[in-house]
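Taking the hints into account, I'd like the entire structure generated from these sequences.
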Amino acid sequence: MGKVTLEGIEFHAYHGAYPEESILGNRFTLDLELETDFRQAMLHDDLSATVDYSKLYKIIKARMDVKVKLLEHLGHMIVTDILEVYPNTTKIRLTLKKHHPALGGLVNFSAVQIQYPEDYA
Numbered sequence: 001m002g003k004v005t006l007e008g009i010e011f012h013a014y015h016g017a018y019p020e021e022s023i024l025g026n027r028f029t030l031d032l033e034l035e036t037d038f039r040q041a042m043l044h045d046d047l048s049a050t051v052d053y054s055k056l057y058k059i060i061k062a063r064m065d066v067k068v069k070l071l072e073h074l075g076h077m078i079v080t081d082i083l084e085v086y087p088n089t090t091k092i093r094l095t096l097k098k099h100h101p102a103l104g105g106l107v108n109f110s111a112v113q114i115q116y117p118e119d120y121a
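Going by UniProt numbering, the first residue of the sequence shown is number 1, and it counts up by one from there.
Hints are not guaranteed to be accurate.
[As the list claims (entries may be wrong)] With a cut-off of at most 27 Å between alpha-carbon atoms, the simulated BS3-like pairs for lysine-lysine come out as follows:
hint: 1; residue 1: K61; residue 2: K97
hint: 2; residue 1: K3; residue 2: K61
hint: 3; residue 1: K55; residue 2: K97
hint: 4; residue 1: K91; residue 2: K61
hint: 5; residue 1: K58; residue 2: K69
hint: 6; residue 1: K97; residue 2: K69
hint: 7; residue 1: K91; residue 2: K55
hint: 8; residue 1: K3; residue 2: K91
hint: 9; residue 1: K67; residue 2: K91
hint: 10; residue 1: K97; residue 2: K58
hint: 11; residue 1: K97; residue 2: K67
For the record, the hints were derived by calculation from the structure and aren't laboratory data.
Take a look at the structure:
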């Protein structure tokens, strides 16, 4: 097994439980780590034998464009979308951060971390 990671993916999106969040939006950062078998890609220099970073980014971006209330739900939907396209993925660790959430005080970010398959047992 090998690991594929994308770190510090940034979006401006409109997720949140409060009405102003869906109007003003916020900055989000996502870190992603996948475990998959990419031995054939290593041996044969074949993109189709591994996870295509560009396709992975497009999967995440498409989901970030759909408004939801909770980071937990958003993270779950991203994991589900990735598994649909890359069913041979054996593990996923996703960290999703909302920068400066509206909590009534200064907070750098709120975050959730979702791990597949651990959180799906």
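Status of the hints after comparison with the structure:
1. Distance check on the hinted pair: K61 and K97 sit about 15 Å apart at the alpha-carbon level, within 27 Å; holds.
2. Distance hint between K3 and K61 is fulfilled; the C-alpha atoms sit about 21 Å from each other, no more than 27 Å.
3. Restraint check for K55 and K97: satisfied, since their Cα atoms lie roughly 21 Å apart, inside the 27 Å limit.
4. Restraint check for K91 and K61: satisfied, since their Cα atoms lie roughly 20 Å apart, inside the 27 Å limit.
5. Straight-line distance between C-alpha atoms of K58 and K69 comes to about 21 Å, which keeps the hinted pair within the 27 Å bound.
6. Among the hinted pairs, K97 with K69 is consistent with the structure: their alpha-carbon atoms are about 14 Å apart, no more than 27 Å.
7. For the given pair, K91 sits about 18 Å from K55 by alpha-carbon distance, which is consistent with the 27 Å threshold.
8. The suggested pairing of K3 with K91 holds, with an alpha-carbon distance near 9 Å, which does not exceed 27 Å.
9. Only pairs whose Cα atoms come within 27 Å are accepted, and K67 paired with K91 is accepted, the gap being roughly 26 Å.
10. Restraint check for K97 and K58: satisfied, since their Cα atoms lie roughly 18 Å apart, inside the 27 Å limit.
11. Under the criterion of a C-alpha separation no larger than 27 Å, the hint pairing K97 with K67 is consistent with the structure, at around 15 Å.
When each numbered hint is compared with the structure, no violation occurs for any of them.
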